[in-house]
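Based on these hints, arrange chain B on the given structure of chain A.
The chain contents come next:
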Amino acid sequence: MFTIIFFLSSGLFLGWSLGANDAANVWGTAVGTRMVQFKRAALTCSIFIILGAVISGSGASHTLGKLGSITTIAGAFTVALAAALSVYWMTKLALPVSTSQAIVGAIVGWNIYAGTGINLSSLYKIMGTWVFSPVLTAAIAFLLYFLITLFLKKTNIHLIRLDGFTRTGLIVAGAFGSYSLGANNIANVMGVFTPTSPFNDLKIANLFTLSSVQQLFLLGGLAIAVGVFTYSKKVMMTVGASIYKLSPITAFIVVLSSSVVLFLFASEGLQLFLISHGLPSFPLVPVSSSQSIVGGVIGISLAKKGRNVNYAILGRIALGWIATPVIAAVVSFVSLYFMQNVFIQQVF
Amino acid sequence: MKLFLSKTKEVEGEIEKFLENIQRAGLLFEQALKDYFNERMERFEDKCREIDQLEHDSDEVRRDIKRKLYSYMLLPDSRGDVLGLIENLDNVIDLTKKVVSHFSIETPIIYPFLKDDFIELAETSVKAVCELIGASRAFFCEFSKVNDYLIKVFFWEHEADKIEEQIKRKAFQSDQIETFSRKVHIRYFCERISGLADEAESVGERLSVYAIKRAI
Chain A
102 MFTIIFFLSS
112 GLFLGWSLGA
122 NDAANVWGTA
132 VGTRMVQFKR
142 AALTCSIFII
152 LGAVISGSGA
162 SHTLGKLGSI
172 TTIAGAFTVA
182 LAAALSVYWM
192 TKLALPVSTS
202 QAIVGAIVGW
212 NIYAGTGINL
222 SSLYKIMGTW
232 VFSPVLTAAI
242 AFLLYFLITL
252 FLKKTNIHLI
262 RLDGFTRTGL
272 IVAGAFGSYS
282 LGANNIANVM
292 GVFTPTSPFN
302 DLKIANLFTL
312 SSVQQLFLLG
322 GLAIAVGVFT
332 YSKKVMMTVG
342 ASIYKLSPIT
352 AFIVVLSSSV
362 VLFLFASEGL
372 QLFLISHGLP
382 SFPLVPVSSS
392 QSIVGGVIGI
402 SLAKKGRNVN
412 YAILGRIALG
422 WIATPVIAAV
432 VSFVSLYFMQ
442 NVFIQQVF
Chain B
103 MKLFLSKTKE
113 VEGEIEKFLE
123 NIQRAGLLFE
133 QALKDYFNER
143 MERFEDKCRE
153 IDQLEHDSDE
163 VRRDIKRKLY
173 SYMLLPDSRG
183 DVLGLIENLD
193 NVIDLTKKVV
203 SHFSIETPII
213 YPFLKDDFIE
223 LAETSVKAVC
233 ELIGASRAFF
243 CEFSKVNDYL
253 IKVFFWEHEA
263 DKIEEQIKRK
273 AFQSDQIETF
283 SRKVHIRYFC
293 ERISGLADEA
303 ESVGERLSVY
313 AIKRAI
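Protein sequences, first through last, are from chains A and B.
Counting with the numbering used here, you get residues 102 to 449 for the letters of the first sequence.
Counting with the numbering used here, you get residues 103 to 318 for the letters of the second sequence.
Hints listed in this document are in silico derivations from the structure and should not be mistaken for laboratory results.
Predicted model, so just to flag it, every value in this text is computed and none were measured.
Where hints are given, some of them may not hold.
What the simulated footprint calls covered on chain A by chain B, stretch by stretch (three residues with Cβ under 8 Å from a Cβ of chain B suffice, anywhere in the stretch; the number is not a length) [as the list claims (entries may be wrong)]: (1) 132-141; (2) 247-257; (3) 355-363.
Taking lysine-lysine pairs in the BS3-like style, the calculated list, with each CA pair at most 27 Å apart, reads [to be verified]: (4) Lys119(B) with Lys254(A); (5) Lys272(B) with Lys255(A); (6) Lys255(A) with Lys119(B).
Non-contacting residues of chain B with respect to chain A, defined by C-beta distances greater than 10 Å in every case (computed) [as the list claims (entries may be wrong)]: (7) Ile117; (8) Glu162; (9) Arg164; (10) Ile221; (11) His260.
Glycine included, every Cβ here is placed at the ideal spot set by N, Cα and C.
So here's chain B without its partners, still in its complex pose:
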């Protein structure tokens, strides 16, 4: 029993580390974009590297959790759901890395009249991610609260959609943006940032199914 408890503690710790990594990556994503919009490029690049490292660490932790769940024969009944959740959460951190990497490579021009909207969009998308992490933690420890968190995930995703549409309308109606290609470029990045909230919503929907299955 003691040996079994030490194994479960080990896996519990790794799951917690994995969730922390995703949450930290989300918060860094928000800060990185704020740096980018405020043209603090050196700080932006530092945060990109930090996100890259977190993503790399998370992949290792994910693989370790998977290996231990099988080799210690833990959760035979709901192992598939737990691994599914971990894989889906990994998509979220992958996406944060991809978006900041695209910003770094393509360096889109964010016009001053769109800056506040972009910041709000980044904040809203990250709020959806943070609530998703809350829901995932609740799935493991405080099952009855999963739904409370998921309601917030879906709320912030909807808000992000509204801000995304607002930015697109402003960009395409504006005379300040000289070329059509730049308008399309803005649309592209606006969709990518909002995509983070979409991903959180998609994982949240799967989580709600896992939660129904977990109910005794």
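Only chain A is shown next, with the shape it has when bound in the complex:
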């Protein structure tokens, strides 16, 4: 049991840091502007992240699995640790970083180290999604901005009542965003462990069965929830008060747009529905919630005729698409070498 927990610890650490940072993307403005209390936000966020992870988390994990199915738990531990260290190191250097990009880079590092070859079609699909997801969020936010402005003009809701609706909207969008975040990003945290999951299927009171992967995702979801409760308040206040100065209504639009995008890239049910109706479907890929949120903010800025667009942020995002996976791949390669040759563990 101790060995299992030890090997999962790198993934749990990655989960904790995801909860501490990415929950702020969803709830930052709502909490920072004091529209929603932190305790309520943290509780709702944790519940929906765990639900998203357990119910809809497997889709994006399959794509990561196609990129590199890590066959030993020591290898999975090292890959997750390399991703976590890259995220930590880049955060320290104040460089833009995303766990989605770090884990993909770390898996590619494993591919190179294990000599399994890189599944280029999966890699291109994943990287294309990174570029596409903020663009799609911007487009949705742009559209929603006009629709909501038009709706407010037509309905003339009293400012005080609008405040109440916005508050409810922020909680609903936050819950949806948390669900989508859990569904999409659990792959980053626990995806590499799925081929070597140490758990057996668990029947609960003859009502439903938790598969070994779902138990893994539940554990990852709990790690994210711990991150939310222990460390996200500070980040939420920073996001809400200084980085994105949004009104509560525009914050609602940004969170909703980002949640939709995260959901589109995570939901197997939606993918099957689209395919069965002959519609183009979205690849199930872990995307960066931070970059998606920035895309939403840019969409709002463009809707306001390009005011306040910070082009430097766009440049930093593009840098993150290249720098994060490259750094994570290098860290992963070096870590795997140490794990195999110093700690004598089988990593592939």
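Below, chain B without anything else, positioned relative to chain A:
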């Protein structure tokens, strides 16, 4: 949600009551001055008392709105602006009370040749106040129309300035007003009535900033 809606309805109702009080005080101010200029002193004093009561009620409503906005944790993002607007609007009703009170205490002599100008000045200043109330209502409910009302506030304030100058010139050039002190007294009251439009303009300018901040 139901509880929250009942709280918001309560505050909405109080804001509406507060705006109604200011508008009523403005209209009473106009009627009171017309009574004064036409020497219907009893009716003038009645209206002074009514304005006094409205001002007192408005203070209570204002305090209640402030307390509820904080205790119900409403509008965390724009609470400061809403309270600022309410405080500034309160200055308008305070001013109406002060001006009629000064008329009542100092009983200035308004010469017949100035009467029509004074009535026009009172009407114009009150028009600025009424448009300001329209702008404030729009700020809460029909946001896109705030600017339309504010344009009218600024227009009537400018008109009031012109009438004020006209009255001052007539007073100081007139031989009918025997003493310099009476001319100064007329100037003083003329400035006070016009001051109501100035106050409306000043609140309107703040409101235009709040409106920019409120735009999503």
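Comparing the hints with the structure gives:
Only residues whose beta carbon comes within less than 8 Å of a beta carbon in chain B count, and the stretch 132-141 of chain A has 3; three or more means the coverage holds. Given as covered by chain B, the stretch 247-257 of chain A passes the check, having 5 residues with a CB less than 8 Å from a CB of that chain where 3 are the minimum. With 0 residues bearing a CB less than 8 Å from a CB of chain B, the stretch 355-363 of chain A misses the requirement of three and the coverage assertion fails. Pair hint lysine 119(B) plus lysine 254(A) holds up; C-alpha atoms about 24 Å apart against a cutoff of 27 Å.
As the CA atoms of lysine 272(B) and lysine 255(A) are separated by approximately 50 Å, the hinted pair breaks the 27 Å bound. The hinted pair formed by lysine 255(A) and lysine 119(B) meets the criterion: a straight-line CA distance of about 24 Å does not exceed 27 Å. The claim that isoleucine 117(B) is not at the interface with chain A is violated, since a C-beta of that chain comes within 10 Å of its own (minimum 7 Å). With a minimum CB-CB distance of about 19 Å to chain A, glutamate 162(B) clears the 10 Å threshold, and the non-interface call stands.
With a closest Cβ-Cβ approach of about 15 Å to chain A, arginine 164(B) is found to remain outside the 10 Å limit, as its non-interface label requires. At the 10 Å boundary, the C-beta of isoleucine 221(B) stays outside the reach of chain A, the nearest C-beta of that chain being 36 Å off. Every Cβ of chain A is farther than 10 Å from the Cβ of histidine 260(B); the closest lies at roughly 29 Å, confirming the non-interface assignment.
The structure fails to meet hints 3, 5 and 7 from the earlier list, while all remaining hints are met.
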